[in-house]
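With chain A fixed as given, assemble chain B onto it according to the hints.
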Amino acid sequence: MSTTVAMHMSDGLVSTPTALLFAALALGALAWCVRRVQGELDDRAVPLAGLVAAFIFAVQMVNFPILPGVSGHLLGGALAAILVGPFTGALCIAIVLVVQSLLFADGGVTALGTNITNIALISVAAGYATAVALYALAAHRRDAVPVPVLGGIAFLAAMIGTVGAALGFVIEYSIGGATGASLQSVIPYLLGTHVVIGAGEGVITSLTVMAVARARPDLVYLLRTSRTGAAVGS
Amino acid sequence: MTGQDRAPRRSAFWIIFAAITLLIAGGVSYLASPSPDGLDSATLRGCEVIDNNGVEQLTGQCIAQSATDHPLAASPLADYTLAGGAGTGGIAGVIGVLLTLVLTGAVVRLITRARRGPRPTTGS
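Chains as they are written, first to last, in the numbering used here: chain A, 186 to 419; chain B, 71 to 194.
Pulled out of the complex, with its shape left as it was, chain A reads as follows (with noise of 0.2 Å):
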């Protein structure tokens, strides 16, 4: 049998001290986030959740060829972030790598502190952050930001999602790498591995985000809250 085929980090890659540094961020960051799930989530968008973590789940079995035998999948925190909310779209994503490591051994069992440190924690603020900043920026120049528009933001809100999660490799494994071999020849080729990857996350979620919009844009947490946003400012 091959080995498991996931861009999550297996047991054993960090030490166990850091391993359970990472656990430990990513618990209180996990508690901080269901204190603030409440604020963000409408009745109606409840059910959103746990879709989104659904096709979160189906869309990471998809790996998708980005150079001739190497492959990449979908993260998901920019996705979330903007269909759900930041703090509901790292529950989200937590609850997809916990099943994944739990039920499918996809993903250490120690390494679920780091897996969600990058995954859940960095790619959502980072996408989230990207996504919230280029929509003010688009929101604007004009009243309604056009459909593709909000696609564009949300193409390179996941690019740099999915670039940050590697990101939160190689400041874990400069912390506590486990092994002698140097991360630093590595670096270059694993960020721009990211990158492709990054842009493969991008189309599936500017498609996702697009189609959402499209026929409920109510539900979109970005449209949601920057409406709002905007009508306070103005």
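I should point out that these hints are in silico values taken from the structure, not numbers from a laboratory. Among these hints, one or two may not hold up.
[Unchecked claim] Simulated coverage check for chain B against chain A, where a stretch passes if three residues somewhere in it have a Cβ under 8 Å from a Cβ of chain A:
1. 95 to 103
2. 109 to 122
3. 148 to 154
Think of the CB as a built atom: it goes at the ideal place given N, C-alpha and C, for glycine as much as any other residue.
Then chain B, alone, in the frame of chain A:
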């Protein structure tokens, strides 16, 4: 543009979203590239993967050398299969989608209920 308050369209949105999700997990997943992903191939840099009678071994020096086997590698859904059966990836995927949907729905509902619900702080 906003076909608001039209119940059939509203439920159509959820049905289509769910159907696409199931289709991806149960069907499209068979088209997934089997190549190692960006992170795996980065951690494998410097090593060569040698197939030693079905057991993969790494030679050279790379980050992935310290990776340990998954403690739950023998679980029934491991590696997105049903007990390792060939061609069962789609079924495993559908099971995963349903579990994720139910689990996330339950967690989110629990959080919103617990924080919103009418909560008499003193006894009735």
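Okay, the hints, checked on the actual structure:
Look at the stretch 95 to 103 of chain B against chain A: 6 of its residues bring a Cβ nearer than 8 Å to a Cβ of that chain, three or more, so the hint holds. For the stretch 109 to 122 of chain B, the stated coverage by chain A holds: 7 residues have a C-beta nearer than 8 Å to a C-beta of that chain, and at least 3 were required. Residues of the stretch 148 to 154 of chain B with a Cβ under 8 Å from some Cβ of chain A number 4, which satisfies the need for three, so the listed coverage holds.
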